[in-house]
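There are 2 protein chains.
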Amino acid sequence: MKFEIMRHRLLDGLNDVMKAVSLKTTVPILTGIKLEITEEGLILTGSDLDITIQTFIKAEEDGDQIIRVIEEGSIVVQARMFNEIVRKLPTSEVVIEVNDNYHTHIRSGKSKFHLIGQEASDYPLLPEIQEDHQFTIPANLVKSIVRETVFAVSTSESRPVLTGVLWQVKEGELVCVATDSHRLARRKVNLEQPPEGEYSVVIPGKSLNELSKIIGDSSLPVNIAITNQQILFKAENVLLYSRLLEGNYPDTSRLIPTEYKTTVTMSGKALFQAIDRASLLAREERNNIVRLSSLNDNIIEVSSSSPEIGEVEEEIQSSSNEGEEIKISFSAKYMLDALKALDGHDVIVQFTGGMRPFILNTVHNDAVLQLIVPVRTY
Amino acid sequence: MKFEIMRHRLLDGLNDVMKAVSLKTTVPILTGIKLEITEEGLILTGSDLDITIQTFIKAEEDGDQIIRVIEEGSIVVQARMFNEIVRKLPTSEVVIEVNDNYHTHIRSGKSKFHLIGQEASDYPLLPEIQEDHQFTIPANLVKSIVRETVFAVSTSESRPVLTGVLWQVKEGELVCVATDSHRLARRKVNLEQPPEGEYSVVIPGKSLNELSKIIGDSSLPVNIAITNQQILFKAENVLLYSRLLEGNYPDTSRLIPTEYKTTVTMSGKALFQAIDRASLLAREERNNIVRLSSLNDNIIEVSSSSPEIGEVEEEIQSSSNEGEEIKISFSAKYMLDALKALDGHDVIVQFTGGMRPFILNTVHNDAVLQLIVPVRTY
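Those protein sequences? They're chains A and B, same order as listed.
Count the first sequence with full-length UniProt numbering and you get residues 1 to 378, in order.
Count the second sequence with full-length UniProt numbering and you get residues 1 to 378, in order.
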């Protein structure tokens, strides 16, 4: 095996696959990444068994030679070390050559590294995914869906299924739901070419976060194929396989109120900043709770206090405030997360009294819904 | 006490004094900072007893009003909270008002904070420094001196005096020395207006690091006053007081060889990068040791190996290589630190065999000397 490659292209590929490599694995070969060089190009694979990322670097692209293939072959090299070496090499080309006994030579300028590699056939095979149940979403929409939902997954392993996001395909629509039982985030997407049948899978939050990092911010399609135990996301030159979570995802539809008694419209940015400041004092207390109440003249007050440190009051001018007066307390962190997901747009907040969950949407679009369960303090 | 101040100027001042505030102090009032407002402006003070930083914000600067003083007075407020509040306030002006019982009101736009303050007279007084023994160094030279020496102080408390940098004023010259007994950094400075007499003090490395952060990168003078137990650095609008370390600093002059057998001149940058790469493998071993040897044709080889991972060889073309052949092993970290202090310039490295300490200077200037004690492996 021997090839010469443009160093920055190799680095870009390593950046992606390194996201799947765990240093704490119980399977020693998974601390490595697999390199396979053919006439077409270089395939890099990294995996921690839960997530597998594979990226392909074409030998030639738009008439430019990226890789000069001298001898085909494959090897597994220690991931972290290989990545750091390539990052620090002195010139823009790297020659990688494997001799007998998996000895891997990496040369660049006057720098020569010799690493002890491992047999490529010992590396786990990729999961098998039948590609008959597929649909397609643009990459930037996938990134939005992840950003709007994944923060709400549970971080506790007491109900493992809640550490993932439910993706449900039904009647031409994809509905994504995440909840840790104190708050909920839901995103609906109309699919242009929906697959036949219905699917309902729970994707680990971590997998979606890594997916979001490796796909570009473009409108190029991401192809999504679902089987019982795995999901495969195929973007341009990069594949991410993720294990699915087992167990029944709870029915969350009954959590969302069907009627509201107070509706407030205001700047999401102003609300975010007020809560953010109020949270400075709130988080000194164990619970990080802030209070929200409607005053006269469409003014919304956000406040918090800490007996040892002091108090804070913030006033926000809402653009409309209809229905009953409201006094409610909730976690500042959940509210900040929800407002971040709504991306600073003007928001509609709908309450059903101080004891019931309340929801947030943007003014423009109800495809995203954020729900927060209040805390009883009044 | 009541005044209105430009928020970003208050933040700049807080940035400086916060560097002296420790959250782990045993003296509760030192988790606060002292604010004193007079007609002239605002004085902020922060301290952990070892270091005290005081900054002055003028009420008026170049005809612009920075502070509107309504009532003079002083207060101590919780440092971290006050700093975070000011950082997040919504408008560019802040009103600070203290009522009865040290209640401190902070207002900006529609945001109102009420903090519980403490009596300013309970705050420790500044150390008294007689200002008759003084000298002056430009701010950017102070920053250079710190950068070139302070990294070499000991991090171990077994010989506390070695955690500081020796500053010795003698015969119109300032000599600064730091050593952890495995390496040494020395910087000499000719003083333009030396003080009378001789001084020799040991300044904690931490104090010098903080000093370097709060003085600007200008040629404005920093006034330095020394007493038995304290040193005071006075820059424009900011003062730093530091405790001095007690104990006798060892005589380091005998550590520095007086004759050399091998002299190599090469690019400091090329040497840095080669050592940096070799260190990727070296640091997998416990000691982080790299080898350097002179080959034919003025080539210097840097190498390292790790039995489980592999080997690395780097070649550097030196511009001259005079004297005996050299083979020597040393800590990659010490070499990288020394080369960083020499700032990427071309370097002269002088050896006295593989067992004796070796030194580095830049080609242009011998005011900075870096010494490294080798490790016996050959």
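I should point out that these hints are in silico values taken from the structure, not numbers from a laboratory.
Among these hints, one or two may not hold up.
Quick look at which bits of chain A chain B covers, simulated, 3 or more residues with Cβ under 8 Å [what the hints assert, rightly or not]:
no. : stretch
1   : 88-94
2   : 110-124
3   : 187-197
4   : 208-217
5   : 304-314
Subject to a maximum C-alpha distance of 30 Å in a straight line, what follows is the list of computed DSS-like cross-link-like pairs (lysine-lysine) [unchecked claim]:
no. : chain 1 : residue 1 : chain 2 : residue 2
6   : B       : K24       : A       : K110
7   : B       : K269      : A       : K88
8   : A       : K261      : A       : K188
Every residue, glycine too, gets a C-beta built ideally from N, C-alpha and C.
Please work out if A:K261 and A:K188 have their alpha carbons no farther apart than 30 Å.
Holds - the C-alpha atoms of A:K188 and A:K261 are around 25 Å apart, at most 30 Å.
Take the C-alpha atoms of B:K269 and A:K88, compute the straight-line distance between them, and say whether it is at most 30 Å.
holds (13 Å)
Against chain B, does the stretch 88-94 of chain A show at least 3 residues with beta-carbon separation below 8 Å?
Held - the stretch 88-94 of chain A has 3 residues with a Cβ nearer than 8 Å to chain B, which meets the minimum of three.
Check whether three or more residues of the stretch 187-197 of chain A sit with their beta carbon closer than 8 Å to a beta carbon of chain B.
Our answer is that it is violated, as 0 residues pass the Cβ test (under 8 Å) against chain B, missing three.
Tell me if chain B covers the stretch 304-314 of chain A under the three-residue, 8 Å CB rule, please?
holds (count 7)
Within a Cα-Cα threshold of 30 Å, do B:K24 and A:K110 meet the stated pairing?
violated (50 Å)
Can the stretch 208-217 of chain A be counted as covered by chain B under the rule of three residues or more with Cβ-Cβ separation shorter than 8 Å?
Our answer is that it is violated, as 0 residues pass the Cβ test (under 8 Å) against chain B, missing three.
Does the stretch 110-124 of chain A contain three or more residues whose Cβ lies closer than 8 Å to a Cβ of chain B?
holds (count 7)
Figure legend: structure checked against the earlier numbered hints; hints not met, in rising order: 3, 4, 6.
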